[in-house]
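Here are the chains, one letter per residue:
2 protein chains.
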Amino acid sequence: MQLIKTIDEARRVIGQVRYDGRKVALVPTMGALHAGHMSLIQAAGQACDFIVVTIFVNPTQFGAGEDLGKYPRDLERASEMCRLAGVDVVFAPDPDQMYPDEPMTWVNVEGLTEGLCGESRQGHFRGVTTVCAKLFNIIRADIAFFGQKDAQQVIVIDRMVADLNIPLKIVVCPTVRQPDGLAISSRNQYLSPEERKDALLLYAALQECRRMIDGGCRSCPELIGAMQKVLGQSPRIVPDYVSIVDAENLKNIETIDQTALVAVAVMVGATRLIDNIIVDLNKPDDI
Amino acid sequence: MQLIKTIDEARRVIGQVRYDGRKVALVPTMGALHAGHMSLIQAAGQACDFIVVTIFVNPTQFGAGEDLGKYPRDLERASEMCRLAGVDVVFAPDPDQMYPDEPMTWVNVEGLTEGLCGESRQGHFRGVTTVCAKLFNIIRADIAFFGQKDAQQVIVIDRMVADLNIPLKIVVCPTVRQPDGLAISSRNQYLSPEERKDALLLYAALQECRRMIDGGCRSCPELIGAMQKVLGQSPRIVPDYVSIVDAENLKNIETIDQTALVAVAVMVGATRLIDNIIVDLNKPDDI
Numbered sequence: 001m002q003l004i005k006t007i008d009e010a011r012r013v014i015g016q017v018r019y020d021g022r023k024v025a026l027v028p029t030m031g032a033l034h035a036g037h038m039s040l041i042q043a044a045g046q047a048c049d050f051i052v053v054t055i056f057v058n059p060t061q062f063g064a065g066e067d068l069g070k071y072p073r074d075l076e077r078a079s080e081m082c083r084l085a086g087v088d089v090v091f092a093p094d095p096d097q098m099y100p101d102e103p104m105t106w107v108n109v110e111g112l113t114e115g116l117c118g119e120s121r122q123g124h125f126r127g128v129t130t131v132c133a134k135l136f137n138i139i140r141a142d143i144a145f146f147g148q149k150d151a152q153q154v155i156v157i158d159r160m161v162a163d164l165n166i167p168l169k170i171v172v173c174p175t176v177r178q179p180d181g182l183a184i185s186s187r188n189q190y191l192s193p194e195e196r197k198d199a200l201l202l203y204a205a206l207q208e209c210r211r212m213i214d215g216g217c218r219s220c221p222e223l224i225g226a227m228q229k230v231l232g233q234s235p236r237i238v239p240d241y242v243s244i245v246d247a248e249n250l251k252n253i254e255t256i257d258q259t260a261l262v263a264v265a266v267m268v269g270a271t272r273l274i275d276n277i278i279v280d281l282n283k284p285d286d287i
Numbered sequence: 001m002q003l004i005k006t007i008d009e010a011r012r013v014i015g016q017v018r019y020d021g022r023k024v025a026l027v028p029t030m031g032a033l034h035a036g037h038m039s040l041i042q043a044a045g046q047a048c049d050f051i052v053v054t055i056f057v058n059p060t061q062f063g064a065g066e067d068l069g070k071y072p073r074d075l076e077r078a079s080e081m082c083r084l085a086g087v088d089v090v091f092a093p094d095p096d097q098m099y100p101d102e103p104m105t106w107v108n109v110e111g112l113t114e115g116l117c118g119e120s121r122q123g124h125f126r127g128v129t130t131v132c133a134k135l136f137n138i139i140r141a142d143i144a145f146f147g148q149k150d151a152q153q154v155i156v157i158d159r160m161v162a163d164l165n166i167p168l169k170i171v172v173c174p175t176v177r178q179p180d181g182l183a184i185s186s187r188n189q190y191l192s193p194e195e196r197k198d199a200l201l202l203y204a205a206l207q208e209c210r211r212m213i214d215g216g217c218r219s220c221p222e223l224i225g226a227m228q229k230v231l232g233q234s235p236r237i238v239p240d241y242v243s244i245v246d247a248e249n250l251k252n253i254e255t256i257d258q259t260a261l262v263a264v265a266v267m268v269g270a271t272r273l274i275d276n277i278i279v280d281l282n283k284p285d286d287i
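So the sequence lines, in the order shown, correspond to chains A and B.
When we follow the working numbering, the leftmost residue of the first sequence carries the number 1, and every step to the right adds one.
When we follow the working numbering, the leftmost residue of the second sequence carries the number 1, and every step to the right adds one.
For reference, chain A alone in the conformation it holds in the complex:
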């Protein structure tokens, strides 16, 4: 496995791989690798001949007051995990490689980034899409792998790739959960033992929603009310949003009659957690 720090070397190494006719996978990460990332790397290895994991804590997707400073950084640990998982290249540029000058160019996906996490995280998705466009142009992979846990992110990136004719396939892998159901996230490590227990209520709320839908409920206000009630069981949970939206255009819906995204974001103490399920009445449960 090669650890590459510069854009020029990444282009050189991966260009040769592409020239050799090998299929290149990209798994973009911020480096605090967990089982969710490992499942992406595994999927990448099954679909492609050469796996590139990028590790970059992208400052432009963190808002003022967010956790850019304390976000966990341990390149050695991450590299070792990648090596053991069969990754071919870890591309871990420093911020001045990615942003040698104050960036002037922004890629923005309008319409999909104003609601859900976009509402409380102003500028977040603009930072995500811009850095992804950059990474896509540097790595020029055939397929990029993202996790369903960041539901809005994958929908936004998928739309960017389509709109800008980026020659890249986006594959979305299922959310990986702890045995008790908590969606695995780099930010789980911020939680105190007490908060860790409270965090389970996100999963419980989504399960309750699923159960009601299976029982025939189609009214989104009713479903949302029930989920809010579950989250309300802990005074330490402050919901940001509990939403049911069309899974394509992310607009709020009143009734479950199309493929829906049920998405929850809460503050547990100082930690922001998100989780979601896709409800497709024609498909079996994913939770």
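Source of the hints: derived by calculation from the structure; they are not laboratory data.
Where chain A lies over chain B, by a calculated footprint (3+ residues, C-beta under 8 Å): (1) 103 to 115; (2) 130 to 143; (3) 164 to 175.
The calculated lysine to aspartate or glutamate pairs, modelled on EDC-like cross-linking and capped at a C-alpha distance of 20 Å, are: (4) B:169 / A:9; (5) A:169 / A:150; (6) B:23 / A:20; (7) B:251 / A:102; (8) B:70 / B:94; (9) B:169 / A:101; (10) B:23 / B:142; (11) A:23 / A:9; (12) A:5 / A:94; (13) B:251 / A:101; (14) A:169 / B:8; (15) A:149 / A:198; (16) B:251 / B:240; (17) B:251 / B:280; (18) A:197 / A:208; (19) B:197 / B:180; (20) A:229 / A:240; (21) B:169 / A:8; (22) A:169 / B:9; (23) A:149 / A:119; (24) A:169 / B:101; (25) B:149 / B:208; (26) A:197 / A:240; (27) A:251 / A:110; (28) B:283 / B:246; (29) A:251 / B:101; (30) B:23 / B:9; (31) A:229 / A:195; (32) B:23 / B:49; (33) A:149 / A:208; (34) B:149 / B:198; (35) A:23 / B:20; (36) B:251 / B:119; (37) A:251 / B:102; (38) B:5 / B:94; (39) B:169 / B:142.
Cβ atoms here follow ideal geometry from the backbone N, Cα and C, with glycine treated the same way.
We have chain A; now place chain B onto it with these hints.
Chain B only, in chain A's frame:
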């Protein structure tokens, strides 16, 4: 020469050329080809092995009340000119190829697009950068060729390419002029014989500026005043802007002591014309 209408076929044909190790040139146009475009095609032929000319009247870069509807379209004439000039592929997609859905994703270069033409043409550069990002992703050329006449456009695109790590070299070719000095533009054909005479005052104003600088004048307000006076010789000319800006960041400057862009935009009757010179005190005149 191949005339290609679909993105899939363009990717297939040009992908093979790239795979064969040939260097691909891109000359993006809106199809009303003139001597300026031909000079770009000539430069492309000198630098590369395979020339792609794109022809697309991009609706998203025209504002309300601009000339999208009457913009000259003659694909047969343009194709024939390309064929005679040794072009290998003309890519002329229909609007529904380029925008199958209402676009949600926009590439915007902030800071460089608010002044000069960006001020009176709201949204214009966002349309230009977005369609260029799309064309760059479809054609994947090694070098793209643009004309210096659209000075702000080339600076904006150059910045987008750098900021987004697009693996493409931008080459800027000199403005091509009629024997009497008028910068060649697709929009010149809108001019009545009388307006055509008035349009020469753009060139005269830039010449006057150059003459004053050669004579030692360094004061931008003085230079701008002199240019406005020249333009004022015709009542049919309504200046949009007469500006002297830093040639890198496009900010207004007070004194000529760095590389400066002297740029003029006017309405001559219903037609908008632009022209410019770069003033580099260390280099010989370009006008």
